[in-house]
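When we follow this note's numbering, the leftmost residue of the sequence shown carries the number 9, and every step to the right adds one.
Please keep in mind that the hints were generated in silico from the structure rather than gathered at the bench.
None of these values were measured; they are calculated from a predicted model.
Any given hint could turn out to be false.
[Claimed, not checked] Taking lysine-lysine pairs in the DSSO-like style, the calculated list, with each CA pair at most 27 Å apart, reads: (1) K83 with K178; (2) K61 with K83; (3) K139 with K83; (4) K61 with K178; (5) K208 with K195; (6) K138 with K208; (7) K178 with K139; (8) K61 with K208; (9) K61 with K139; (10) K138 with K195; (11) K195 with K139; (12) K138 with K178; (13) K61 with K138.
[As the list claims (entries may be wrong)] Now the in silico label distances, taken between C-beta atoms and shown as ranges: (14) R121 with S73: 12 to 20 Å; (15) D13 with K195: 23 to 31 Å; (16) S55 with E116: 28 to 36 Å; (17) N111 with G86: 39 to 47 Å; (18) D146 with M11: 33 to 41 Å; (19) L113 with F203: 22 to 30 Å; (20) I152 with L71: 18 to 26 Å; (21) D104 with D202: 23 to 31 Å; (22) Y206 with S41: 20 to 28 Å; (23) I152 with C122: 22 to 30 Å; (24) L113 with A196: 14 to 22 Å; (25) E9 with A196: 37 to 45 Å.
Each residue gets a CB set at the ideal place from its N, CA and C atoms; glycine is no exception.
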Amino acid sequence: EEMIDVWRNNYNFPIIYRRNSVNLGPDRNFLASVSLANGDYCWIFGSDDALAKDSLAILQTYLDSQADIYLCDRKETGCDLVEIRNPHRSWLRTDDELYVFNNNLDREIYLSRCLSIGGVFSYLSSLIVKKERWDAIDFDASYIGTSYPHVFIMMSVFNTPGCLLHYISKPLVICRGDNDSFEKKGKARRILIDFIAYLKLA
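Just need the whole structure built from these sequences, with the hints factored in.
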C-alpha cells in the first residue's frame with residue numbers, strides 16, 4: 009500500500025487499488041482486475057513482468073485502428089530483468105498486421121500464422137483488449153482453475169463476427185524467466201496445464 013501511495017503522490021495516474029482479505033487465486037484475480045478498470049482498453053499485466061522502454065508510447069501509435077484486441081510480442085530475460093535470453097519472442101510469422109475476422113476462413117488464416125499458443129492469447133501480458141468487448145462476454149465459470157480463464161474470454165472476442173485484432177510485432181513486454189509460479193510442480197505439470205486448458209477450449 010505504501011508503494012501505491014508513492015505512485016499516487018508522484019505521478020498523475022488514477023490508480024484503483026484493492027487488496028482482498030484472502031487470496032482469490034490467479035484466475036479470479038485476472039478477472040477481478042479487469043472488472044475494476046474503467047478505461048477504454050485494459051492491458052492485463054502479470055505481476056512477474058515489466059513494460060519495455062517506451063511501450064506505452066509505442067502502443068498509443070497503434071490505437072487509431074480501434075482494434076478489439078492488440079497482441080504484442082515479448083522480450084525474455086532472467087529473473088533479474090538484466091540477462092537477455094531472447095530479445096524478441098514473436099507470436100506470429102508476420103510483421104505488424106491488422107486482422108478482421110468476419111468468417112472462419114479469416115480465423116484459419118490467422119491461426120495458420122501462429123508460432124505458438126502465445127498467438128492465441130496464452131501469455132497474459134501480451135494482451136490489450138477493448139473493455140466493452142471483454143465485458144460483453146458471458147463468462148463460463150468452469151474455466152476457473154484452468155489458469156486460462158482470460159483465454160476463454162479472448163477466444164470469445166476473437167470469434168465475434170467483425171472482431172479486429174491488431175498484431176504488434178514488437179516486444180513491448182519483458183517476461184521474467186525462472187519465476188513461473190505454475191512450474192512449482194515441475195516442467196511436465198506446467199506443460200500439462202496448457203494442454204488441459206486448450207483441449208477444453210477446443
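Query raised in the report: Among the hints numbered above, which are violated by the structure, and what are their numbers in rising order?
Result: Numbers 8, 10, 11, 15, 20 and 24 - these are the hints that the structure violates, sorted from lowest upward.
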